[in-house]
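The chain contents come next:
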Amino acid sequence: MTWEVITSNLPALLVAVPLFAAFLCPLVGRISPGMRASWVFGAMVLTAAIAYILAFIVYSQGTVIYVFGATTPDLSVPIDSGGIPIRIMFTVDAMSALMEIIAVTVGLGVLLYSLSSDERRSGLENYYTIFLLMIAAVLGMVSTGDLFNFFVFLEISSLASAGLIAYRVEKGVAVEAGLKYLMVSTIAGIFFLFAIGILYGQYNALNMAILAERIQWTPLDKIALVLMVAALATKCGSVPLHFWTPDAYSMAPAAVTAMLVVASQASLYGLFRISFTLYGVALSYVTIGWVIIILGVLSMVVGVTMAIPQKDIKRLMAYHAVSQTGYMLLGVGVGLAVLGDQALLNSYGYTAMEGGIFHIMNHALYKGLLFLTAGAIIYRIGTSDLNRMGGLGHRMKYTMVFFMIGSLAIAGIPPFNGFASKFLIYESVFLFSPVLAIIAMVVSILTLASFVKVFHSVFMGPPLPEHDKVSEVPFPMLAAMGFLAILVIISGLFPQVFIQNLIVPAVHALTNQAGYLGTVLGGA
Amino acid sequence: MRMSKIVRFCADMLYPAVVIFGLYVIMHGHLTPGGGFQGGAVVATAAALVIVAYSYEEIQGMLSKFLFQVQESGGLLMFGGVALIALGLGTTYFFNFLANSGLLFGMSVPFGPNPGDLNTGGVLPLMNIAVGVEVWGGLAIVILYMLSGITKEGV
Amino acid sequence: MAVISPLSSGFGLWGPLFWVLAFAIAFIIAFAIWSLGTASYKKGTEQGRPYLSGNPEPEKGAVHIRAGNLYWGYTEGLKGYYDRIVPLHTGIMTDYLLWIFWVTGILLILVVVI
Amino acid sequence: MFWNLPYIAVVLLTIIGIATILLKKNLIKMFLGVSILTSAVNLFLIVLGYRDSGIAPIYTYAPSELMVLPTPQALCLTSIVIGVATSALMLSFAVVIYRYYGTVNVDEIRELKE
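Chains as they are written, first to last, in this note's numbering: chain Z, 1 to 524; chain W, 525 to 679; chain L, 680 to 793; chain S, 794 to 907.
Keep in mind the hints are simulated off the structure, nothing from the lab. Some hints could be false.
As the list claims (entries may be wrong) - With beta-carbon atoms standing in for the labels, derived distance ranges:
1) Leu220(Z) - Asp845(S): 20 to 28 Å
2) Gln726(L) - Gly34(Z): 34 to 42 Å
3) Thr569(W) - Asn748(L): 56 to 64 Å
4) Asp845(S) - Val792(L): 31 to 39 Å
To be verified - Below are the DSS-like pairs computed for lysine-lysine, each with C-alpha atoms no more than 27 Å apart in a straight line:
5) Lys469(Z) - Lys397(Z)
6) Lys818(S) - Lys906(S)
7) Lys758(L) - Lys397(Z)
8) Lys817(S) - Lys171(Z)
9) Lys722(L) - Lys311(Z)
10) Lys171(Z) - Lys818(S)
11) Lys758(L) - Lys469(Z)
12) Lys817(S) - Lys906(S)
13) Lys529(W) - Lys171(Z)
14) Lys817(S) - Lys469(Z)
15) Lys906(S) - Lys822(S)
16) Lys397(Z) - Lys171(Z)
17) Lys529(W) - Lys589(W)
18) Lys311(Z) - Lys469(Z)
19) Lys758(L) - Lys906(S)
20) Lys721(L) - Lys397(Z)
21) Lys397(Z) - Lys311(Z)
22) Lys171(Z) - Lys906(S)
23) Lys311(Z) - Lys822(S)
Said to hold, decoys possible - Computed far set for chain Z versus chain W, every beta-carbon distance over 12 Å:
24) Pro26
25) Leu75
26) Thr287
From a predicted model like this one, the values you see are computed outputs, not experimental measurements. Ideal Cβ placement from N, Cα and C applies to all residues, glycine included.
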């Protein structure tokens with residue numbers, strides 16, 4: 001009996017389990033550090049299991065609706081409510097399921113890594129409480145079907161991430177980064193709340209499906225869309241608004257940075273959800289498509305050109321995160337720009353979106369791996385300044401191998417997964433407009449150039465005298481990096497499996513607005 | 525930083541009054557525009573009152589951070605636990621299984637203007653109590669941590 | 680056999696397994712040619728040290744090219760571009776927020792007016 | 794509502810909030826600007842739910858009379874709760890930054906530049 005109860009209430013448990021683990025963490029942590037580590041990792045494994053089962057159900061049976069507080073989970077439109085879903089709902093369709101898989105997989109690797117890399121630090125009860133809270137917020141943000149609920153989860157993830165960025169004070173610089181991140185996120189949140197107010201004032205509804213059904217392209221809706229696009233573009237770090245990304249990523253602990261990448265991809269998912277499902281064909285998709293493409297191209301070019309002269313290893317990787325976000329924006333922007341006419345969409349629109357969304361998955365994996373390797377180097381040497389590193393390859397062999405896998409994947413070198421998604425983006429964007437594809441390729445070359453620089457200055461060269469006592473990092477950190485590296489290699493060698501089973505349903509779930517409305521409003 | 529005797533005496537007198545008023549606001553959340561968060565904030569001001577009146581060392585004895593942390597976690601667990609019980613009964617998360625069921629807080633609301641019966645509202649009063657306890661602990665901890673920031677420089 | 684089937688992008692095909700296969704074959708051939716060479720290298724002897732026309736080898740720290748001056752030519756070449764982009768990242772929080780309002784304004788003009 | 798005065802109040806509060814955030818150099822004053830902006834959004838949400846001569850949406854007072862919409866008030870309460878958490882975190886950051894940087898002037902807090 002309990003198995004049906006669990007499977008029928010999976011979306012609620014998906015957010016409830018990490019929240020419960022987060023609340024109990026301070027109490028459990030007082031018993032013993034070992035107890036806390038097993039408690040936190042156990043909660044993460046349980047959340048991962050729930051997310052994988054939920055994703056499997058979504059991919060096999062279609063969108064899952066979960067209404068909080070109703071008698072049965074899928075009673076989205078109560079009988080006496082006159083056709084309006086009044087309760088808060090989780091609508092987990094193929095795209096949300098994909099983002100959940102990404103968030104949970106990276107979360108598993110990152111938590112395993114952070115359990116051993118932050119062992120000697122102080123104040124760990126609250127650290128893991130906020131960490132689990134952030135994971136719960138990201139999972140909630142990705143699976144919710146209610147606009148205001150998305151705003152609440154967006155704020156929780158901003159607050160939790162700001163707390164985590166500033167966790168190790170380090171002469172106040174980390175707190176400065178946390179403050180900048182929090183200030184930018186609060187302003188973005190206020191913009192988003194204004195947009196919710198405008199939409200609620202017009203259509204007297206907060207559920208995404210009802211709003212999508214009622215939305216016409218009135219001037220007020222345009223203002224609401226602009227506010228939402230600006231807010232979410234800030235949160236996902238596209239160029240003109242990316243200034244917080246290098247500060248926040250370079251000052252946060254390595255494990256938190258890898259999770260921050262997933263959090264900003266969740267707001268990227270929010271941007272796509274709003275432009276595809278909430279507005280869909282109602283918005284003038286050409287202008288908004290081109291806006292997202294311009295944001296993407298700017299992110300690619302400025303991100304990589306700013307990365308090359310960098311002297312700090314995590315700051316360099318942060319700029320690469322910005323430029324890789326540009327690829328995703330470009331891919332899905334092209335898909336949005338041709339959303340209207342079915343012919344173009346079939347010829348290259350779907351492929352561009354597949355490339356963009358597959359790139360979200362690949363980027364989360366190899367960028368997480370790269371940040372963990374950077375964390376491993378800093379864990380051993382203490383400084384993140386590239387000028388004071390050299391010849392680490394002699395002693396940190398595994399970290400070097402993982403770093404090579406990560407940097408080859410990010411630069412898009414054939415056998416790895418970076419190439420598979422960039423290949424799709426190049427081919428389809430070339431059909432859309434050749435200049436963009438050429439820019440994308442040049443940026444890939446510059447990415448490779450900057451990672452060769454990092455590889456040379458960190459690992460190659462003679463073993464320096466000041467680093468002679470450096471040894472390999474403890475096993476759990478290597479296990480976490482190995483876990484992500486294996487996933488990077490697998491998704492690189494068998495891209496067709498991932499595309500066919502995970503990405504194509506996600507793309508069709510995103511573009512098929514009528515399907516989304518049907519499942520939610522069709523209701524029980 | 526220790527206030528004069530008069531202030532400390534008034535603080536002692538006011539402390540129970542503020543706490544009772546805060547609990548009143550928490551308990552009547554489903555009847556009046558009060559509720560968990562507002563009531564919890566009112567009660568946390570009682571903690572602030574004591575902190576202002578007494579010196580840092582004395583407060584360490586009176587208000588212990590660990591107790592507030594337990595209170596905070598307990599409140600949150602109660603909130604989630606009550607929602608989880610609905611799962612056990614086969615309905616969805618956060619289902620109001622106590623409403624109109626005659627059990628605790630289960631009376632049905634009489635129609636027409638009336639002062640409102642405390643024993644109605646089903647799960648809502650339980651949720652309000654949980655949130656009130658949690659906010660009380662949470663805000664008290666925030667004040668204590670901010671206070672510890674000041675005394676380090678011996679202001 | 681969806682596992683091995685190549686990734687089609689409507690325009691071209693990408694089969695990573697075939698690529699790895701070709702790479703392995705090329706690697707084996709190259710390794711075969713390489714192993715035919717004479718192994719006259721003896722570790723730790725005079726052969727191991729770099730020949731700097733007789734000058735003594737500088738100590739380890741100085742030899743390693745640090746990250747700062749890698750790609751010096753590239754950044755020098757794009758001096759015009761870098762002098763404009765780098766000072767944009769001022770690091771002052773007010774400028775970060777100013778950018779948000781700038782972009783919102785531009786988007787408003789782009790979407791609402793046009 | 795007499796020629797929608799509250800919406801004018803919302804616009805004014807927003808302008809004041811944004812001006813305070815962007816023009817002020819002191820961190821604490823910026824946080825004040827943020828809370829002014831949050832209160833502007835809250836006012837905007839509340840005013841959306843207003844219905845002419847409606848009473849407060851408390852059921853036991855008069856279930857039959859015209860009531861103001863309760864949903865925006867719930868949204869506004871959640872926004873206030875988030876505002877409390879955000880300002881508590883921001884003020885704690887300001888305390889720590891003052892201890893390490895010796896200043897709360899936003900122009901001097903720029904360790905993390907280009």
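Q. Can the restraint linking Lys817(S) and Lys171(Z) be considered satisfied, given a maximum Cα separation of 27 Å?
A. holds (25 Å)
Q. Within 31 to 39 Å or not, the Cβ separation of Asp845(S) and Val792(L)?
A. This hint holds: roughly 33 Å between Cβ atoms.
**Q.** Restraint check for Lys311(Z) with Lys469(Z), where alpha carbons must lie at most 27 Å apart
**A.** Between Lys311(Z) and Lys469(Z) the Cα gap is close to 24 Å, so the pair holds against 27 Å.
(Q) What's the verdict on Lys721(L) and Lys397(Z), does the C-alpha distance respect the 27 Å limit or exceed it? (A) Holds, because 24 Å separates the two Cα atoms, which is no more than 27 Å.
Q) Would the pair Lys758(L) and Lys906(S) pass a check requiring their Cα atoms to be no farther apart than 27 Å? A) The given pair, whose Cα atoms are some 18 Å apart, holds under the 27 Å limit.
Q) Given the hint that Lys469(Z) pairs with Lys397(Z), does the C-alpha gap stay at or below 27 Å? A) holds (14 Å)
Q) Does Lys469(Z) lie within 27 Å of Lys817(S) when you go C-alpha to C-alpha? A) Cα-Cα ~49 Å, so violated.
Q. Is the straight-line distance between the alpha-carbon of Lys529(W) and that of Lys589(W) 27 Å or less?
A. holds (26 Å)
**Q.** Restraint check for Lys311(Z) with Lys822(S), where alpha carbons must lie at most 27 Å apart
**A.** violated (34 Å)
Q | Restraint status (C-alpha distance of Lys722(L) to Lys311(Z) at most 27 Å) | A | Outside the cut-off at roughly 35 Å; violated.
Q: Decide if the proposed pair is consistent with the structure: Lys817(S) and Lys906(S), CA atoms, cutoff 27 Å inclusive.
A: Holds: Lys817(S) and Lys906(S) sit about 20 Å apart, inside 27 Å.
Q. Okay, Gln726(L) versus Gly34(Z) on CB: inside 34 to 42 Å?
A. At roughly 53 Å between Cβ atoms, Gly34(Z) and Gln726(L) fall outside 34 to 42 Å, so the hint is violated.
Hints 2, 7, 9, 11, 13, 14, 16, 23, 24 and 25 from the list above are not met by this structure, while the remaining hints are.
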